[in-house]
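Protein chains in written order, with my numbering: chain R, 1 to 335; chain S, 1 to 325.
There's no promise every hint is true.
Listed next, the in silico DSS-like pairs over lysine-lysine satisfying Cα-Cα at most 27 Å (straight line) [stated by the list, open to error]:
#, chain 1, residue 1, chain 2, residue 2
1, S, K180, R, K43
2, R, K272, R, K43
3, R, K28, R, K43
4, S, K194, S, K100
5, S, K39, S, K222
6, S, K180, S, K194
7, R, K28, R, K323
8, R, K323, S, K194
9, S, K100, R, K323
Here are a few chain S residues that sit away from chain R, every Cβ distance over 10 Å (derived from the structure) [stated by the list, open to error]:
#, residue
10, N96
11, A301
12, M323
Keep in mind that the hints were calculated from the coordinates and are not lab data. This structure is a prediction, so every number in the text was calculated from the model and none was measured. From the three backbone atoms N, C-alpha and C, an ideal C-beta is built for every residue, glycine too.
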Amino acid sequence: MVTSATAPAVFDLEARLDLYRVQLTLRKFEARAYDLFLENLVKGTSHLSLGQEAIAAGVAAAMRPDDWTFATYRGHAHTLARGVPMTPVMAELLGRTNGLMAGKGGSMHLTSVEHGVMGSYAIIGAHLPIACGAAWSAQYRGTDQVAVCFFGDGSVNIGAFHEALNFAAIWKLPVVFICENNLWMEYTRTSEVTAVANPAADRASAYGLESIIVDGNDAEAVYAVASAAIERARAGEGPSMIEATTYRHGGHSRADPGKYRPDSEVAEWLAKDPIPRYRAFLLEVGATEEQLVAIEEDVTAAVERAVDEAKAGDVPGEEYLMKDLWADGGSSWRN
Amino acid sequence: MAQLTYREAIARGIAQEMQRDQSVVMIGEDIGAAGGVFKGTVGLFDEFGPLRVRDTPISEQAILGAAMGAAMTGLRPIAEIMFADFFAVCWDIVANEIAKSRYMTNGQVSFPLVIRSGNGGGLRFGAQHSQSVENWAMMVPGLKVVVPSNAVDVIGLMAASVRDNDPVIFLEEKALYASKMDVPDGEIVDELGKASVLRQGADATMVALGNMVPRSMAAAEKLAEEGIDCTVVDLRSLVPLDVTTVLREVGSTGHLFTVEENPRLLGWGAELASIVAEEAFYDLDGPIVRITTPHIPLPAADALEDMAIPSVGRIVESVSKAMNA
Ligand SMILES: Cc1ncc(C[n+]2csc(CCOP(=O)(O)OP(=O)(O)O)c2C)c(N)n1
Numbered sequence: 001m002v003t004s005a006t007a008p009a010v011f012d013l014e015a016r017l018d019l020y021r022v023q024l025t026l027r028k029f030e031a032r033a034y035d036l037f038l039e040n041l042v043k044g045t046s047h048l049s050l051g052q053e054a055i056a057a058g059v060a061a062a063m064r065p066d067d068w069t070f071a072t073y074r075g076h077a078h079t080l081a082r083g084v085p086m087t088p089v090m091a092e093l094l095g096r097t098n099g100l101m102a103g104k105g106g107s108m109h110l111t112s113v114e115h116g117v118m119g120s121y122a123i124i125g126a127h128l129p130i131a132c133g134a135a136w137s138a139q140y141r142g143t144d145q146v147a148v149c150f151f152g153d154g155s156v157n158i159g160a161f162h163e164a165l166n167f168a169a170i171w172k173l174p175v176v177f178i179c180e181n182n183l184w185m186e187y188t189r190t191s192e193v194t195a196v197a198n199p200a201a202d203r204a205s206a207y208g209l210e211s212i213i214v215d216g217n218d219a220e221a222v223y224a225v226a227s228a229a230i231e232r233a234r235a236g237e238g239p240s241m242i243e244a245t246t247y248r249h250g251g252h253s254r255a256d257p258g259k260y261r262p263d264s265e266v267a268e269w270l271a272k273d274p275i276p277r278y279r280a281f282l283l284e285v286g287a288t289e290e291q292l293v294a295i296e297e298d299v300t301a302a303v304e305r306a307v308d309e310a311k312a313g314d315v316p317g318e319e320y321l322m323k324d325l326w327a328d329g330g331s332s333w334r335n
Numbered sequence: 001m002a003q004l005t006y007r008e009a010i011a012r013g014i015a016q017e018m019q020r021d022q023s024v025v026m027i028g029e030d031i032g033a034a035g036g037v038f039k040g041t042v043g044l045f046d047e048f049g050p051l052r053v054r055d056t057p058i059s060e061q062a063i064l065g066a067a068m069g070a071a072m073t074g075l076r077p078i079a080e081i082m083f084a085d086f087f088a089v090c091w092d093i094v095a096n097e098i099a100k101s102r103y104m105t106n107g108q109v110s111f112p113l114v115i116r117s118g119n120g121g122g123l124r125f126g127a128q129h130s131q132s133v134e135n136w137a138m139m140v141p142g143l144k145v146v147v148p149s150n151a152v153d154v155i156g157l158m159a160a161s162v163r164d165n166d167p168v169i170f171l172e173e174k175a176l177y178a179s180k181m182d183v184p185d186g187e188i189v190d191e192l193g194k195a196s197v198l199r200q201g202a203d204a205t206m207v208a209l210g211n212m213v214p215r216s217m218a219a220a221e222k223l224a225e226e227g228i229d230c231t232v233v234d235l236r237s238l239v240p241l242d243v244t245t246v247l248r249e250v251g252s253t254g255h256l257f258t259v260e261e262n263p264r265l266l267g268w269g270a271e272l273a274s275i276v277a278e279e280a281f282y283d284l285d286g287p288i289v290r291i292t293t294p295h296i297p298l299p300a301a302d303a304l305e306d307m308a309i310p311s312v313g314r315i316v317e318s319v320s321k322a323m324n325a
């Protein structure tokens, strides 16, 4: 196993400002989505990546447009980071026809095939084998596309995780697994129910995968390890596991205030918030305060526009209910 | 024309599709050089090679997850789950992932894949290797369910399943693997959702599936000797369900008997009975009768297994009793 060193300086200032913009977009989008929950405009449940944005942003920057993302129910950030516009994502949360899936999927199932976002899956572990399948298809067709699969630290104890890792290794599949280790499952600490110290990385090395641990609150470090893993996969050298250490600022889901976590732990991680940290770094490497403020104002305005556009969408009518179960567009099971 | 077994028809049907379309690939346990535990894939590894006929570890979730991911990115996989009972260890991938994803993405993804599996009893394998699970599959929105009863249908329905753009659960009846019939040369392509009327009679309509089809045909011969002239409908697929044919054939005799190998509760015949009761009630001249395996796991001993699965004798008895009531 490798613990990553500091990222090499592969970024020019413009790329760095972009990376800042993406992280900030994820942050402000989700903060606004949370407000809309509180206003009861977003129904059901939802899982935010507040605090974890550097991972989705750093990995997406390392991907080619035709690579594939497989995400979990905590997938807003991973979807937006691939370039999916905010309006259809917000509209999906609001259950409107201008949503990514016209309201039929909701927060936990964001998908935009056009952007390589091949789905967000809400059964723990299930999408690891599915990502292997996409990788198998790329390998068979010789397209050199790579499948990237995100999941949480709590997902390492379910069978599908283990089946997928072995499967990816024996077929040398072009897949990169990314464990966002935020230390907690829902309300239980993963370390209390997991026999090894590094939940994903320790297991992955046992299955013969290249295994890397990285500071998940450092977007450039994430970018660096993700680029290396993706290029390895693309070159036919097989799968990797990246375990990115991070922390969610809020509760597990909308309904959870996250009170089971010690205040001191929360405070310690808030101090490591990836976004202010990256902002400070940018000022050190030559960005100006004006440049950063301009990005911040821009993102805030873009989020507000997305909210307005999403709210202006129609509520889906009955014509959506019975469509698209089958490839013929319908849902008929009899003649 | 050649005599083929049901098992040989599997390989021929798959080969026909693999020759036609490079995107058709197979995965499963022991399907390669070994030719499958039921020898349903013999010859395919030699003809198409290890990249298209790929052996896997014993990882049913990985097999079906991989089939799903491949199907949504341009391949048309045929995956094998060795025994249909094993669906229980990968049912999440089938029922939550494959079946739901097209609907919940508002049609963004398609799953042109086939999952083949050895289904049903008759081989004295005991409870965990013998169940008829067609009703498990039928109750999941988003799955098509096909169960051929003879070698020609195996080929034609395999072709239709592989060419279909939706996920198909293709249940191969273990008890029929050794059955033989004359099969025409050349390409055979059938259609999903069309039942076959195998025998036309004036008095009663039996609707059967898979392994229950030849038994129903044999029962119909015996019943004819008693003066009860039966129609036998081979449903062939549960989803799509050919309700039109069933209603027509029930309408012409006034009696419906379903002959089902699945355990009693919520077997496919229950759905059919409900449709007929709702839509053809006034065509009926007597109660609808379901002839099924009892609601028990299948026992291993041949004497007990034979009592459990509807036999020719039990079908004759049930029909005769109801028709003479
Ligand atoms: C098979 C399954 N079991 C349980 C759940 C309920 N559940 C949803 S999220 C979650 C915790 C997952 O924790 P982790 O994998 O660390 O991901 P995180 O939520 O932290 O991103 C649980 C138990 C589920 N969705 N699927």
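Evaluation of the provided hints:
1. S:K180 with R:K43: 58 Å, violated
2. R:K272 with R:K43: 31 Å, violated
3. R:K28 with R:K43: 19 Å, holds
4. S:K194 with S:K100: 24 Å, holds
5. S:K39 with S:K222: 33 Å, violated
6. S:K180 with S:K194: 22 Å, holds
7. R:K28 with R:K323: 34 Å, violated
8. R:K323 with S:K194: 23 Å, holds
9. S:K100 with R:K323: Holds: K100 of chain S and K323 of chain R sit about 12 Å apart, inside 27 Å.
10. N96: Non-interface label on N96 of chain S violated, nearest chain R Cβ at 5 Å vs cutoff 10 Å.
11. A301: 33 Å, holds
12. M323: Given a closest Cβ separation of 28 Å, the condition holds.
Violated hints, listed in ascending order, are 1, 2, 5, 7, 10; each of the other numbered hints is respected by the structure.
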